[in-house]
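Visitor: Put chain Z on the given structure of chain W with help from the hints.
Each chain is listed here by its residues.
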Amino acid sequence: MLEVRNISKTFNPGTINEKKALSGVSFTLADGDFCTVIGGNGAGKSTIMNAVAGVWPVDTGEILVDGVDVSGLPEHRRAPYFGRVFQDPMTGTAADMQIEENLALAARRGQRRTLKWGVTAKDRELYKKLLKTLDLGLEERMSSKVGLLSGGQRQALTLLMATMKKPKVLLLDEHTAALDPKTAAKVLDATDRIVNENKLTTLMITHNMRDAINHGNRLIMMNEGRIVYDVSGEEKKNLTVRDLLAKFEESGEELNDRMILS
Amino acid sequence: MGAYFSSLNPTALWNAAPGGLAQGLIWGIMALGVYMTFRVLNFADLTCDGSFALGGATAVMLILKGHSPEVVLLVSFAAGIAAGFVTGFLHTVLGIPDILAGILTQISLYSINLNIMGKANQAVPVGQVQVHFTSNIRYLGQTIALTLVVDVVIIMIYYFFLGTELGSAIRATGINPNMSRANGINTNAMKVLALMFGNGLVALSGGILSEYQGFADVKMGQGAIVIGLAAVIIGEVLALAMFGKRLDFVIRLTFTVVGAIVYYFVYVFVLWLKFPADDMKLLTAVVVAIFLAVPNLKEKRGNSFSGLKKRNAKLAAEIAGENAAGKEDQ
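Protein sequences, first through last, are from chains W and Z. Going by our numbering, the first sequence opens with residue 49, and the numbers climb by one from there. Going by our numbering, the second sequence opens with residue -9, and the numbers climb by one from there.
This is chain W alone, in the form it adopts within the complex:
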């Protein structure tokens, strides 16, 4: 369970670039919730993700995972709770390391790193099995450098890394935005499958309204650092793109081309 209680964040306070990115955001995800987050540029979507992941401390408020307050923990100490996939396919993996080495790094998320050998034969077997589920042929290339993979392959691998050690919450930050439509659909399919199989609590940012509607059981819309619309259950199921556009206009959000075109 993820509880976000009244968090606020202002960037560059007291300067000409001051930007109130989050103002008093609160929401709770129950176990197994798959929540999509939608909003225009600068609405605070990525900011909420970074706040939860601990990229920087929030100004005020609390973030609780299964009742444990993690808001005072630095990023690497929060990592045991969260699996993360980023917008840029380059961000989620170490390009100059092998596929199996990347998986080994992720497999030890939340553990002490010791002088034990990084990738054992037993690890390799497990990784092979996991890679097979992606159906990208990566299980035959486990000693290839990740830098040789395409963006879609890297995102799929990052998704696997984020979930191989079951996280309390899976954080997806527009993880298909940099991919072509066909690859994006594939990665989203894999996301749905992995989330369902492991019953993961998931927070997925997207700028694609159709994706936001078609995936998950809950939808949050943000504008100017606040949640302006929060819908779940039957209402969410019956939501259409037209409804969302209406909500956007209601909230005073200026529609940008990227959202209309998608």
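Keep in mind that the hints were calculated from the coordinates and are not lab data. No residue lacks a Cβ here, since even glycine has one placed at the ideal position from N, Cα and C. Among the hints, a few may not be true.
Derived list of chain W stretches under chain Z, where covered just means 3 residues or more per stretch with a C-beta under 8 Å from a C-beta of chain Z [unchecked claim]: (1) 119 to 125; (2) 130 to 141; (3) 151 to 160.
Guide: Coordinates of chain Z only, in the frame set by chain W:
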């Protein structure tokens, strides 16, 4: 010109070669330390110049106090680790940029080294104390063999370390710190650890060199980073030429030492050509600049704006020529 060539003595070059090999092997240890910070961690660490002399200064002073050579070198190693820790602290806790953090430690070590030695240089009383590494021609073979063993042992430990969970975490930190933190790696701790390990090796190398040359000088580390970089880069270019793109860490580390040996052979050769010793640092800088530039220039060839402009101009000229020829036919 003729007089110059007749003044060169091939025997002298032959006699100088073993000394070059010994120095190359000793500086190879230093280069392995630079490899850790420069290549693995992706951190331009200028602490090296100071920690190299620190290793030399501690070694000589402890030898003078009558400690055994083994203990002395261990203390050199530990002193380097401490120096690396300081740079790491300045960088991670105090937020000072990498190059500046290294320079601050380096410059403070200059004073510290003067304090350790009490003056700018200290000699080891030859013949009165026992050392393992010596430039004495009678024991040079032994020194080379022993240094080779030390290099091999360090490469083996180093290779094993890079393959461990901890070593992988350091490598990931150097490649992608964001991803590392997302996977629970304390990137600051990894940076400090790598700086400690790297500077430990640099100081160990300084300690061995001061035994070898029989003295330590507060300026012995001056330009050490450039020699270390030269070794790393020469080694990489050679390894790439010999093994192609698929290099594992054993080859990379081995060729770092090979790079240092090649550097010292070139050094000996250039001195033999009666190149003024004062200009050696200039020469080193030029060599490093060339080796750093070659891969970039190679890539640029066939992938540059000016190249495209030339090709297009040539094509246009050809077409114009053909058109002109066509008109004549008509």
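Visitor: Hints first: check each against the structure and report whether it holds.
Guide: Tested hints:
no.: 1; hint: 119 to 125; result: holds (count 3)
no.: 2; hint: 130 to 141; result: holds (count 7)
no.: 3; hint: 151 to 160; result: holds (count 7)
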